[in-house]
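Mind docking chain A on chain Z? Use the hints.
2 protein chains.
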Amino acid sequence: MIFYDSPNPAPNPRRVRIFAAEKGIELRSQPVSIVKREHKSPEYLALNPRGQTPALQLDDGTVITESVATCRYLEAVHPDPPLFGIGAVEQALIEMWSRRVEMILMPPVGAVWVNTHQFTAALPGRNMDWGEANRPRVDDALRFFDTSLEGRTFLATDHYSIADILLLTTVDFAAFIGIGIAEDLNNLRAWHARVTARPSAAA
Amino acid sequence: MIFYDSPNPAPNPRRVRIFAAEKGIELRSQPVSIVKREHKSPEYLALNPRGQTPALQLDDGTVITESVATCRYLEAVHPDPPLFGIGAVEQALIEMWSRRVEMILMPPVGAVWVNTHQFTAALPGRNMDWGEANRPRVDDALRFFDTSLEGRTFLATDHYSIADILLLTTVDFAAFIGIGIAEDLNNLRAWHARVTARPSAAA
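Chains as they are written, first to last, in my numbering: chain Z, 596 to 798; chain A, 596 to 798.
Looking at chain Z on its own, in the form it has when it is part of the complex (with noise of 0.2 Å):
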């Protein structure tokens, strides 16, 4: 199989690279270039219509999209370790908070990256204002993931899981176009170092 892959900052590569160390799997990857609008081709059009990054073409051809959606494959196929759970209720809890990270904090960040970021200026249809409000609800949304951590190790569960993997390429790629975490979330940045120190960050 072919891992279509673009290179950081992209945050959604970078989970199923992160997720694959995690489990010990190398892919065999193929560089998409955004900067050179590569997944913009015709080519890649052809493999994902979306013309996003990264997708998975598997050996019959099947192209899957979406980081998360090619992480599930990976644990179908590689279930060690477990990275959505294991039992109704951990699967569930998982899923919960990938879900929270997806819609209470990476809303606002791409609200901000696509219309305030001097690397998106190209792009039709920026809303200025509209940016500008979302920047301090990316800080709102890491408060309430700096309260949610509290008292624990990881997000989810008592391990390390998918759900963890999308904060943390949130918050980098939050903290890539400008917005750190706040020197008082504690809970938040306790938990980004325990993450960042995995080999898998590296990712």
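Just so you know, these hints were derived from the structure itself, not from any lab.
All residues carry an ideal CB built from backbone N, CA and C; glycine is no exception.
It is possible that some hints are incorrect.
Stretches of chain A that chain Z covers, calculated by requiring three or more beta carbons in the stretch to come under 8 Å of a beta carbon on chain Z [said to hold, decoys possible]:
1) 655-661
2) 664-670
3) 677-689
4) 695-703
5) 783-793
For chain A alone, kept in the frame of chain Z given last:
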């Protein structure tokens, strides 16, 4: 277990009701009135600090929020019929299509709802320009799903899945806020008629 539910047009509780109906699960429901702001009451916030419905409280007190996480719990305890797929590829494709609904269609629908609708006029920080700019993006998204449904009976695989439930509830919520399926989207219209004809759609 207790299912904290809100009536239509709230799209998220409906997802779980449809999911449960497809599996023949009878949920013990506790209504939470959004009109009466019961989802922001201290009692409900103690269950779900996000103040959103639905939520599922298990007999041991564990609370699962986020509609898809709740459905995933129900899938694990009532596997038949499988609505998240069987096997690595099918599970990944259902996740991929579910996420496409959530990442492509839901954001512009939510932006129109939150920023322009008369029922959300009291929300702080509305941006009418941003809301109106998202109205054509809803139509763009519906066109993507129309194209994707060409030659298909269901969205993700050859049988009904959670991805169909997410698309149905989001399309119906879009119609509620005034954005219907354009006349020329024949694949999407036929699919919508097909999934709406299932008894579960009345949930």
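So, going through the hints one by one against the coordinates:
1. 655-661: holds (count 4)
2. 664-670: Satisfied; 4 residues make the cut.
3. 677-689: holds (count 6)
4. 695-703: holds (count 5)
5. 783-793: Three-residue rule not met by the region 783-793 of chain A, so violated; n is 0.
Checked against the numbered hints above, the structure breaks only hint 5 and satisfies the rest.
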